[in-house]
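J.: Could you build the full structure based on these sequences and the hints that come with them?
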Amino acid sequence: MADPDLVQLLTPEGERAEHPDYAFAGDDDTIRSLYRDLVLTRRIDTEATALQRHGELGIWASLLGQEAAQIGSGRALRRQDHAFPTYREHGVAWTRGVDPLSLLSLFRGVDQGSWDPEATGFGLYTIVIGAQTLHATGYAMGLQRDGVVGTDDPDRDAAVIAYFGDGATSQGDVNEAFIWASVFNAPVVFFCQNNQWAISEPIDRQTRIPLYQRASGFGFPGVRVDGNDVLAVHAATQAALQRAREGSGPTLIEAFTYRMGAHTTTDDPTRYRLSADLEHWKLKDPVERVHAYLTRHVGAGEDFFSEIAEEADALAVRLREGTRAMADPSILSVFDQVYVEESAELAQQRDEHAAYLDSFEDATDGARR
Amino acid sequence: MADPDLVQLLTPEGERAEHPDYAFAGDDDTIRSLYRDLVLTRRIDTEATALQRHGELGIWASLLGQEAAQIGSGRALRRQDHAFPTYREHGVAWTRGVDPLSLLSLFRGVDQGSWDPEATGFGLYTIVIGAQTLHATGYAMGLQRDGVVGTDDPDRDAAVIAYFGDGATSQGDVNEAFIWASVFNAPVVFFCQNNQWAISEPIDRQTRIPLYQRASGFGFPGVRVDGNDVLAVHAATQAALQRAREGSGPTLIEAFTYRMGAHTTTDDPTRYRLSADLEHWKLKDPVERVHAYLTRHVGAGEDFFSEIAEEADALAVRLREGTRAMADPSILSVFDQVYVEESAELAQQRDEHAAYLDSFEDATDGARR
Amino acid sequence: MTTTMTMAKALNAGLRAAMEADPKVLMMGEDVGKLGGVFRITDGLQKDFGEDRVIDTPLAESAILGTAVGLAMRGYRPVCEIQFDGFVYPAYDQIVSQVAKIHFRSRGRMPMPIVIRIPFGGGIGAVEHHSESPEAQFAHTAGLKVVACSHPTDAYWMIQQAIAADDPVVFLEPKRQYHGEKAEVDTEATPPPLFTSRTVREGSDLTLLAYGPTVRLCRDAALAASEEGRSLEVIDLRTLSPLDLEPVFASVRRTGHAVVVHEAARSLGMGSEIAARIQQECFYALEAPVLRVAGFDTPYPPSRIEEEYLPDLDRVLDAVDRSLAY
Amino acid sequence: MTTTMTMAKALNAGLRAAMEADPKVLMMGEDVGKLGGVFRITDGLQKDFGEDRVIDTPLAESAILGTAVGLAMRGYRPVCEIQFDGFVYPAYDQIVSQVAKIHFRSRGRMPMPIVIRIPFGGGIGAVEHHSESPEAQFAHTAGLKVVACSHPTDAYWMIQQAIAADDPVVFLEPKRQYHGEKAEVDTEATPPPLFTSRTVREGSDLTLLAYGPTVRLCRDAALAASEEGRSLEVIDLRTLSPLDLEPVFASVRRTGHAVVVHEAARSLGMGSEIAARIQQECFYALEAPVLRVAGFDTPYPPSRIEEEYLPDLDRVLDAVDRSLAY
Ligand SMILES: Cc1ncc(C[n+]2csc(CCOP(=O)(O)OP(=O)(O)O)c2C)c(N)n1
Ligand SMILES: Cc1ncc(C[n+]2csc(CCOP(=O)(O)OP(=O)(O)O)c2C)c(N)n1
Ligand SMILES: [Mg+2]
Ligand SMILES: [Mg+2]
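Chains as they are written, first to last, in the working numbering: chain V, 1 to 369; chain F, 1 to 369; chain W, 1 to 326; chain H, 1 to 326.
The hints are simulated quantities; they were obtained by calculation from the structure and are not laboratory data.
Some hints here could point you the wrong way.
What the hints assert, rightly or not - Simulated crosslink set (BS3-like; lysine-lysine; CA at most 27 Å straight-line):
1) V:LYS282 - H:LYS34
2) W:LYS34 - F:LYS282
3) W:LYS47 - W:LYS24
4) H:LYS34 - H:LYS182
5) W:LYS47 - W:LYS182
6) H:LYS24 - H:LYS34
Model, not experiment: these values are computed from the prediction.
T.: Here is the structure:
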């Protein structure tokens with residue numbers, strides 16, 4: 001039986017379901033397109049994990065299992081909307097047109113985010129848990145001041161979406177963001193991917209009631225969606241974004257999902273969780289259910305699936321080669337982007353270090369000790 | 001008509017009222033005794049304000065209007081309970097047997113809190129907004145570990161009460177305290193005196209729904225009481241403390257009241273609020289309504305009231321004289337209480353300064369430049 | 001045009017000028033709107049520029065800075081008021097891990113033109129947390145710039161320059177002097193660049209280094225010393241990060257003696273960095289070690305003894321004596 | 001009895017010994033329970049001491065410290081693990097305004113025997129915020145004590161001493177060395193007092209000062225220098241607040257040269273205080289300015305170039321050369 005407190009529009013078996021408040025706004029072509037997103041996103045993740053194993057990345061935070069939560073919400077955004085991610089929103093990045101290679105360069109340790117947040121509408125990854133929820137709220141307050149909220153012009157009205165995890169809901173910053181968004185009626189959607197774990201800590205270390213209910217205490221709506229159901233996530237996010245754009249204020253969406261992989265490649269989940277849980281959640285796989293739906297009800301055939309598989313293979317090759325080809329930055333570049341207006345003091349520090357480095361070049365053998 | 005969401009057991013007119021969930025546990029003698037507390041507390045406040053005007057205190061934070069919220073809750077505490085105040089809980093201090101002179105010495109600038117928190121069950125004043133709510137939660141976790149929660153022994157079971165204002169509810173710390181108390185089911189009562197103002201900011205800068213509802217988002221009960229009704233506050237606090245002691249976890253109490261005075265003696269509320277509001281709240285005075293009840297329904301007469309008035313006068317004299325007699329600490333004392341185990345480094349700094357001070361004594365005229 | 005102003009008025013006028021010059025400039029903080037701030041520095045601004053530009057915020061410092069980051073990303077120039085020095089710490093994480101680092105993290109794509117105004121220092125008879133001097137912690141944090149004004153004219157110009165700067169600036173205001181000494185402020189003058197120190201008084205025997213509240217103290221000390229026939233040079237550092245020490249080195253090379261004066265605790269206070277730099281740059285010129293007159297390594301004391309705790313004329317002159325007698 | 005241990009194991013054994021010695025000792029932090037911490041420093045403790053004494057906390061650093069304060073008031077001795085250096089800042093307010101000040105505020109009535117364990121420093125190939133060196137900010141804060149261990153034996157003893165101390169101690173663990181060099185730890189020896197520095201290697205030409213991750217680097221540098229005929233003395237500061245500098249002064253009085261090495265940014269880093277103190281105490285003995293080899297005044301860089309960013313053998317030896325050539 002369906003859980004009345006969980007919005008679901010596509011069952012794990014691939015059957016469409018009805019919900020009194022939410023309906024998926026796309027057609028079967030949209031679903032094909034979402035399926036492609038899901039598969040490619042998963043492939044980015046698999047490839048990155050492999051690259052990390054081969055020593056090409058310092059670390060990788062896998063989104064395995066959370067593809068639908070990310071693609072469903074990311075595809076609900078309009079061009080003028082702005083997303084504030086954590087460090088795991090590779091699927092959302094994909095929907096915003098961020099080249100996955102620039103995600104990889106970050107995890108390789110070449111830079112700390114090289115995409116253009118304004119051009120893509122996708123902020124930089126934020127590692128300090130919860131900090132970005134306040135940035136999102138401030139950005140949303142900026143939209144209000146820019147007069148692009150509640151104008152009734154769909155090309156103009158904009159909203160913000162802030163991503164965070166279940167663990168993050170315990171941070172003061174996130175709760176302050178709830179308060180500010182509520183008090184200022186800011187156009188922001190708080191999108192919590194409850195993947196049941198904050199590294200080794202299960203959700204009961206963060207809350208004793210369902211997370212979506214947190215919103216009611218701050219005076220705005222909260223909703224729990226099946227985070228492995230791309231249609232439900234899309235519908236709920238679209239509705240929340242629309243509310244925000246219209247000037248009706250914030251919404252909390254709890255996407256109920258599961259972190260199928262380790263926290264990051266340095267983590268060992270066998271120390272703290274049972275494999276039975278994983279088996280249970282495998283049955284709810286976000287990609288499989290769309291596959292089943294497309295096969296059974298839309299008549300998608302071999303062609304369709306193999307075309308996407310080929311695209312995924314090609315993407316994987318590009319990522320592999322692109323990662324290996326990445327050049328390390330020069331040490332002197334660290335001085336360049338500290339300030340807009342460089343200080344004489346820092347310039348001197350750079351110059352001294354440059355001279356120091358040059359002294360090795362000048363040495364007869366060019367070698368350090 | 002009574003507000004169904006506001007617990008009230010004594011109307012502003014001094015009539016007893018019924019509530020389906022709460023009843024006042026004392027008799028008329030208890031009410032006489034509460035009346036005495038209210039009057040004396042108000043007198044402490046009046047006297048302190050006067051002392052500040054005469055330059056004897058650096059600053060004073062008046063509790064005018066909040067006497068019932070403080071006396072009602074403070075008198076619901078048992079000896080073994082522990083209170084964590086802000087900087088305005090002079091009435092609670094009174095109920096814990098803290099000598100009001102030690103409140104005055106703090107505001108005079110002689111020390112930063114000289115009472116014994118363990119002996120009185122009343123923590124030191126905390127000025128950083130909200131910080132004490134976490135201390136309270138940690139202390140409550142200590143009670144759990146000490147095995148003095150849920151033992152069914154009324155002399156043993158203990159609880160904690162954390163005081164804070166409406167403004168404080170916006171701080172991350174306070175929300176984190178809610179989360180921890182809920183997750184660990186800690187025996188703590190969160191007592192919010194919603195006096196409608198955080199300095200110049202009205203309550204709508206902090207929330208768009210009634211504050212007591214905040215608790216539901218964290219999974220524990222919240223209740224709003226008439227903060228100017230000492231009986232209602234007493235009943236609600238007693239119930240919440242009992243829940244906590246029994247091991248049923250936290251409760252949020254919102255005592256709906258009004259800051260009748262300035263934020264502190266340095267504040268000028270005429271810059272930001274209307275006197276009409278004050279007039280409205282004067283009709284709800286927390287002391288007057290008990291006076292009316294005692295006069296009309298308990299037959300308290302001149303004797304009773306004048307005895308208390310005399311006690312108040314005597315108290316005022318003691319405070320005035322005690323304050324004027326307070327000695328300043330010696331500058332060298334600042335080195336003594338930084339650490340339990342003094343470091344050689346700091347000892348040297350003290351010794352150097354002592355020698356420096358001595359050099360003036362040694363100088364022929366003993367004077368500084 | 002010159003006007004006589006207190007520092008509080010000068011800051012108010014500077015903020016007003018900045019808001020007039022650029023519609024992207026916002027004020028935000030606790031009580032900055034209707035009340036005009038507890039020190040009235042933003043007095044009248046909400047009335048004239050509206051609630052969207054002068055924002056009375058919820059009581060949450062982390063959120064004041066965190067939302068300022070978001071507003072800056074959207075092209076605004078938020079000026080955040082922290083009500084008192086001791087209340088900046090709830091925002092510390094947003095300041096050091098976000099405000100300071102986002103320009104670097106984004107490889108220059110996201111400037112953070114945020115000004116963090118902090119009334120700082122002691123001497124106003126306040127309770128705990130209202131008299132702190134947190135500057136060294138910010139000056140240690142790469143990505144921030146840190147300045148302190150010391151009198152009305154600087155206050156008027158420096159606040160405008162800080163707001164116009166594209167980097168985040170921690171702007172320290174010596175609160176004790178808000179309503180103190182007035183000055184003639186020429187609002188049409190051309191101010192010196194923001195990130196420069198300035199010689200306040202020339203002298204040849206010893207160099208006194210100060211900023212914010214201790215500048216006036218050092219000026220007074222130099223005056224007192226001159227009566228004893230000693231010629232002290234006083235430099236107002238003005239900028240604590242970056243430091244502008246070339247004028248200091250030049251001075252110390254002439255005088256051979258230096259004393260740094262600040263209210264913050266001595267250990268790891270600004271004086272430590274300045275002493276370290278002077279001994280490095282003026283090694284052979286120094287005739288005595290660089291001395292420091294600072295707050296003790298203790299928490300700030302109860303206010304009844306704060307005047308005994310804070311650096312004062314006697315302690316400064318005592319250090320001068322010790323340096324010259326070395 | 002001696003056992004061969006990595007620093008991680010030594011800390012684990014030290015924590016275990018402290019928990020056995022005193023039932024009031026608690027561990028709290030993110031993932032410290034079932035997982036044993038992301039670095040496994042608390043491995044096995046929850047299993048043996050239970051969930052009441054080894055607490056997996058909600059993800060909120062301010063609350064970890066804030067509730068530790070309350071637990072300390074109730075007589076407990078909380079040992080808080082901050083998962084990585086860069087995540088201590090959300091707790092900064094509770095640390096500097098509460099943990100550090102409550103003993104003072106209460107006139108000695110409320111000791112705060114809290115240990116704040118922070119894995120610190122770089123070199124592990126991590127992403128942003130995982131390689132910071134926040135020590136100077138804590139050393140500037142009166143009321144805290146700050147120590148750093150540099151090898152397994154110290155780690156084993158110092159953590160127990162820190163937990164036994166009645167004052168709050170920020171305990172810095174050089175994370176890069178958790179699983180590095182092993183040492184024979186004699187668990188029955190009598191360790192030196194906690195708040196003392198220690199000469200790691202004697203020498204006569206120059207004094208190298210280090211703590212935490214740079215101790216090993218300086219030892220290596222001294223070894224390399226000795227091959228060039230230079231005799232460097234290496235002192236492990238161990239305690240950053242209070243500083244134990246008498247042995248340092250004695251050394252510099254002999255060598256006439258000093259170089260301080262740390263990973264934290266140079267400006268206002270520990271090196272600034274140490275240089276300021278040395279130039280004051282050893283003024284006439286110094287034959288060259290105290291030099292500093294430190295992190296640059298920039299945010300920590302992306303990990304692919306962190307080895308170029310961090311002080312290394314060449315930079316230390318270069319400073320030694322410059323000092324000796326002065
Ligand atoms: C302020 C802060 N504290 C600690 C960490 C270390 N840390 C990184 S991820 C993580 C768990 C996050 O859990 P959750 O919010 O559920 O997100 P998820 O990783 O599951 O996507 C922790 C504790 C951090 N990054 N920031
Ligand atoms: C962290 C912090 N920020 C700012 C302040 C300055 N401040 C003191 S009281 C106050 C308002 C508090 O309002 P509320 O919580 O409603 O308590 P009330 O004063 O009304 O009792 C403010 C902003 C502070 N003490 N601490
Ligand atoms: Mg999670
Ligand atoms: Mg209030």
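J.: Tell me if the straight-line CA distance from LYS47 of chain W to LYS182 of chain W falls inside 27 Å.
T.: holds, 25 Å
J.: What's the verdict on LYS282 of chain V and LYS34 of chain H, does the C-alpha distance respect the 27 Å limit or exceed it?
T.: holds, 24 Å
J.: Quick one, are LYS24 of chain H and LYS34 of chain H close enough, alpha carbons at most 27 Å?
T.: Between LYS24 of chain H and LYS34 of chain H the Cα gap is close to 20 Å, so the pair holds against 27 Å.
J.: Take a quick look at whether LYS34 of chain W and LYS282 of chain F sit within 27 Å of each other, Cα to Cα.
T.: holds, 24 Å
J.: Hey, LYS34 of chain H versus LYS182 of chain H, does the alpha-carbon distance stay inside 27 Å?
T.: holds, 25 Å
J.: Compare the distance between the alpha carbons of LYS47 of chain W and LYS24 of chain W with 27 Å, and conclude whether the hinted pair is satisfied.
T.: holds, 17 Å
Checked against the numbered hints above, the structure violates none of them.
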